[in-house]
Amino acid sequence: ETGVTQSPTHLIKTRGQQVTLRCSSQSGHNTVSWYQQALGQGPQFIFQYYREEENGRGNFPPRFSGLQFPNYSSELDVNALELDDSALYLCASSLGGGAAPKGATQYFGPGTRLLVL
Amino acid sequence: AQSVTQLGSHVSVSEGALVLLRCNYSSSVPPYLFWYVQYPNQGLQLLLKYTSAATLVKGINGFEAEFKKSETSFHLTKPSAHMRDAAEYFCAVSSTYSSYKLIFGSGTRLLVRP
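As given, the protein sequences belong to chains A and B, one line each in that order.
Using the numbering used here, you'd call the opening residue of the first sequence number 1 and step up by one each time.
Using the numbering used here, you'd call the opening residue of the second sequence number 118 and step up by one each time.
Calculated from the structure, these hints are not laboratory results.
Short, incomplete list of chain B residues facing chain A, as computed with Cβ under 10 Å:
no.	residue
1	GLN123
2	ASN158
3	GLY160
4	THR168
5	SER169
6	SER211
7	TYR217
8	LYS218
9	PHE221
Pairwise CB distance ranges, derived in the manner of DEER restraints:
no.	chain 1	residue 1	chain 2	residue 2	range
10	A	LEU115	B	SER187	43 to 51 Å
11	A	GLY40	B	LEU163	16 to 24 Å
12	A	ARG51	B	GLU132	44 to 52 Å
Where chain B lies over chain A, by a calculated footprint (3+ residues, C-beta under 8 Å):
no.	segment
13	43–54
14	82–96
Glycine included, C-beta positions come from ideal geometry on N, C-alpha and C.
Please model the entire structure based on the sequences and the hints provided.
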């Protein structure tokens, strides 16, 4: 069973640029959630995708957007990067929808560390 | 709305001592509760979760947690700390009504002294 993978592992961008982060979900999972973890803080929910549709969003501006593909992999896009976007971006996959068990566990990837200069 | 409070940003114990990491939650609906561990420069690994079955939940690496509704708590314990337990620990809450999105606490860094 393949776990959650993310790419790239590290990224350096400058303010105003755009970035795309990628995530491959665990085999059999149809839901992907993205979290932002600033240094010294707990992860903050950005949004979730279920069967290619956005299924919930946290308190993040529209310049944070995403996609989910038919194979359930996902992308997180951030436009007009700001210094405060520097963080570890975590992707988590889970089983959602009617088949989801109670309290469906989210399995996390290793993250992408983004530094905005 | 749901929230999590982790008391103590840092906890230091001696190797072999009891580990107690505190977590209190707030939820207007039946919660699901989780403990995750994060080692340096890594993602999050699930230690254990509560899904309204047994209130005492056993997890990996000898950790366990007890759900106490009257105290709105879900504290994490381990009888005897090992050096390898040194990491950041996060408590999180979710619910059916929030599409299982996780609300995390701010984390507790566990230091284990030799």
